[in-house]
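**Student:** Sequence:
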Amino acid sequence: MLVDYLGMTAALVLLLIIFGVTAQNFFTLTTFRTIANQIPDTTVAAVGMTFVLIIAGIDLSVGSVLAFAGAVLGIALVNWGLPLALAVPVCLLVGLGCGAANGFVIIRWRLPSFIVTLGMLEVARGAAYLVTQSRTIYIGGPVEVITGTAVLGLSLPFIIAILIVAVGQLVLSRTVFGRYLIAIGTNEEAVRLSGIDPRPYKLAVFVLAGLLAAVAAVIQTARMSSANPNTAIGFELQVIAAVVIGGTSLMGGRGSVVSSFFGVLIIAVLGAGLAQVGAQEYTKRLITGSVIVAAVVLDQYRHRVHIIPVQIPAWWARLLTVLFVLASVFGLSAFVGATLVAPERSVPRAVVVLHLLFLATAVVAAIMCIKILRRAWAAIQDGHARTTPNRAIGFLFVPLFNLYWVFVALHGFALDYNAFVTRHRIRARQLSEVSFRAYCAFTVLATGLAIVGFLPNLVVIVEFALALVIFRGLVVAVNESHQHAPWEENVPGS
21 MLVDYLGMTA
31 ALVLLLIIFG
41 VTAQNFFTLT
51 TFRTIANQIP
61 DTTVAAVGMT
71 FVLIIAGIDL
81 SVGSVLAFAG
91 AVLGIALVNW
101 GLPLALAVPV
111 CLLVGLGCGA
121 ANGFVIIRWR
131 LPSFIVTLGM
141 LEVARGAAYL
151 VTQSRTIYIG
161 GPVEVITGTA
171 VLGLSLPFII
181 AILIVAVGQL
191 VLSRTVFGRY
201 LIAIGTNEEA
211 VRLSGIDPRP
221 YKLAVFVLAG
231 LLAAVAAVIQ
241 TARMSSANPN
251 TAIGFELQVI
261 AAVVIGGTSL
271 MGGRGSVVSS
281 FFGVLIIAVL
291 GAGLAQVGAQ
301 EYTKRLITGS
311 VIVAAVVLDQ
321 YRHRVHIIPV
331 QIPAWWARLL
341 TVLFVLASVF
351 GLSAFVGATL
361 VAPERSVPRA
371 VVVLHLLFLA
381 TAVVAAIMCI
391 KILRRAWAAI
401 QDGHARTTPN
411 RAIGFLFVPL
421 FNLYWVFVAL
431 HGFALDYNAF
441 VTRHRIRARQ
451 LSEVSFRAYC
461 AFTVLATGLA
471 IVGFLPNLVV
481 IVEFALALVI
491 FRGLVVAVNE
501 SHQHAPWEEN
511 VPGS
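In the working numbering, the protein residues as written are 21 to 514.
By construction, these hints were calculated from the structure, which means they are not laboratory data. In this text, a Cβ means the ideal position worked out from N, Cα and C, and glycines have one as well. Watch out, some of these pointers could steer you wrong.
Label pairs and their computed distance ranges (CB to CB) [stated by the list, open to error]:
hint	residue 1	residue 2	range
1	Ala186	Ala314	22 to 32 Å
2	Leu150	Asn57	29 to 39 Å
3	Arg219	Phe134	14 to 24 Å
4	Leu318	Ala210	18 to 28 Å
5	Ala186	Leu113	19 to 29 Å
6	Val349	Asn250	43 to 53 Å
7	Val349	Leu49	55 to 65 Å
8	Ala186	Leu49	19 to 29 Å
9	Arg199	Ala299	40 to 50 Å
10	Trp100	Thr48	37 to 47 Å
11	Ala314	Val345	13 to 23 Å
12	Ala30	Leu435	28 to 38 Å
13	Arg447	Leu183	49 to 59 Å
Using the sequences and the hints, build the whole thing.
**Tutor:** If you want it as structure tokens, here you go:
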């Protein structure tokens with residue numbers, strides 16, 4: 021899971037770099053404040069959608085439920101004269117009721133959630149038009165207290181969204197309820213055969229999705245200071261896209277609330293960046309749609325390769341080679357460009373772009389190395405390993421982490437792998453500890469040279485070249501050991 025977070029962080033950083041270079045005023049307080057003001061409603065709805073997708077369901081009604089709940093909030097404040105403290109619970113009850121209706125129909129008649137929530141999409145939208153008489157209700161002052169309140173410079177809706185993300189992740193990863201949801205999404209029939217009735221959990225998930233859609237309605241209505249029955253058309257697709265980009269599987273059984281928040285951020289930054297570079301609406305839709313399709317394809321790939329966790333896809337090594345070549349080209353070009361510039365002249369924009377591309381490619385390559393190493397560890401988990409993937413990832417947050425990484429994590433894996441092959445009498449090549457030690461020694465030298473600023477790009481390129489040799493050999497060795505080992509007898513749980 022931490023590798024997924026690192027991957028999404030890298031994607032987010034890459035987007036920031038691209039738009040920071042191509043859009044003149046992207047890195048401004050106004051841009052990030054705008055993004056922070058626009059994402060709370062999507063974030064809150066994405067939390068509910070994450071739970072729905074984890075149980076292998078889908079909710080297409082969140083946009084219409086948001087519009088209906090927002091319309092009721094406007095009616096309660098303006099027409100009924102209720103105070104905000106009473107109008108908000110009424111709004112939340114509307115969302116809760118819509119979610120309960122979805123869940124009840126799906127469970128009672130065992131209907132696909134796609135069809136049921138598609139029906140609710142029309143019902144809730146029609147109800148929004150009905151209660152508002154197809155007119156926008158201006159609210160103004162009564163809801164401005166929500167958007168006008170700030171804590172430590174952060175708006176109240178943003179804080180509410182972050183708290184909901186934190187609570188949602190806690191429920192999903194640290195409670196029995198969350199573990200049951202993952203089990204239901206993975207294999208509902210197995211859960212039923214184990215004596216657990218999945219129906220109450222599925223009902224609770226759709227109720228939660230409806231309730232959070234109503235919370236999003238409160239936030240959006242407060243931001244717009246009005247209740248518009250036409251609002252949030254297509255909102256459900258935006259929410260689903262954010263959740264899928266965040267890594268939640270459409271097949272169920274896999275997902276993270278925090279990852280969904282990263283997905284919301286990626287879509288928000290992508291939208292803001294495209295707007296600032298002057299992209300037309302069709303261009304925005306084309307790029308956003310392509311990102312969504314890529315995320316779905318990646319989800320399907322994850323679902324397939326998860327069946328055999330002890331092998332490493334050979335194309336990972338090929339991708340690592342491509343990344344090394346790109347990093348070398350970008351790094352050397354930036355180095356030559358900077359060298360040719362006289363000291364008194366400013367560095368050309370092209371050199372800056374090349375250097376940023378070099379850094380971005382290097383980050384992606386490092387993430388691929390981490391993925392390869394984690395998959396390799398999964399191949400030797402028989403209870404005797406002295407090092408663990410989580411411990412290795414933890415070194416990333418230690419100063420000069422690369423020294424800890426190569427000495428303890430990378431070299432430690434070589435020792436564990438060789439011991440594993442020997443212990444199980446597997447006829448496979450062992451990893452050369454000499455190459456690992458040489459890589460460790462060069463890393464110490466490279467770190468020292470980089471600290472003093474001596475040819476940092478060239479040093480990193482050479483270090484990556486050594487790492488490429490090691491990790492390509494690691495992929496071959498692990499897959500070879502898998503082919504020659506009687507896994508069913510020797511490795512429990514494989």
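**Student:** Would you mind marking each hint as holding or not holding in the structure?
**Tutor:** The hints, checked one at a time:
1. Checked against the hint of 22 to 32 Å, the C-beta distance between Ala186 and Ala314 comes to roughly 28 Å, which is consistent with it.
2. The given range of 29 to 39 Å is respected by Leu150 and Asn57, whose C-beta atoms sit roughly 30 Å from each other.
3. The given range of 14 to 24 Å is respected by Arg219 and Phe134, whose C-beta atoms sit roughly 18 Å from each other.
4. Distance hint check for Leu318 and Ala210: the Cβ-Cβ separation is about 26 Å, which falls inside the suggested range of 18 to 28 Å.
5. Checking the proposed 19 to 29 Å range against Ala186 and Leu113 shows it holds: the Cβ atoms sit about 24 Å from each other.
6. Between Val349 and Asn250 the beta carbon distance is about 50 Å. The supplied range of 43 to 53 Å therefore holds.
7. A beta carbon spacing of about 35 Å between Val349 and Leu49 contradicts the range 55 to 65 Å that was offered as a hint.
8. The hint said 19 to 29 Å for the Cβ distance between Ala186 and Leu49, and at roughly 25 Å that hint holds.
9. The hinted window of 40 to 50 Å between Arg199 and Ala299 holds, with their beta carbons roughly 43 Å apart.
10. Between Trp100 and Thr48 the CB atoms are about 42 Å apart, so this pair conforms to the stated range of 37 to 47 Å.
11. Distance hint check for Ala314 and Val345: the Cβ-Cβ separation is about 22 Å, which falls inside the suggested range of 13 to 23 Å.
12. Judged by the Cβ atoms, the range 28 to 38 Å given for Ala30 and Leu435 holds: they are separated by roughly 29 Å.
13. Between Arg447 and Leu183 the beta carbon distance is about 55 Å. The supplied range of 49 to 59 Å therefore holds.
The structure fails to meet hint 7 from the earlier list, while all remaining hints are met.
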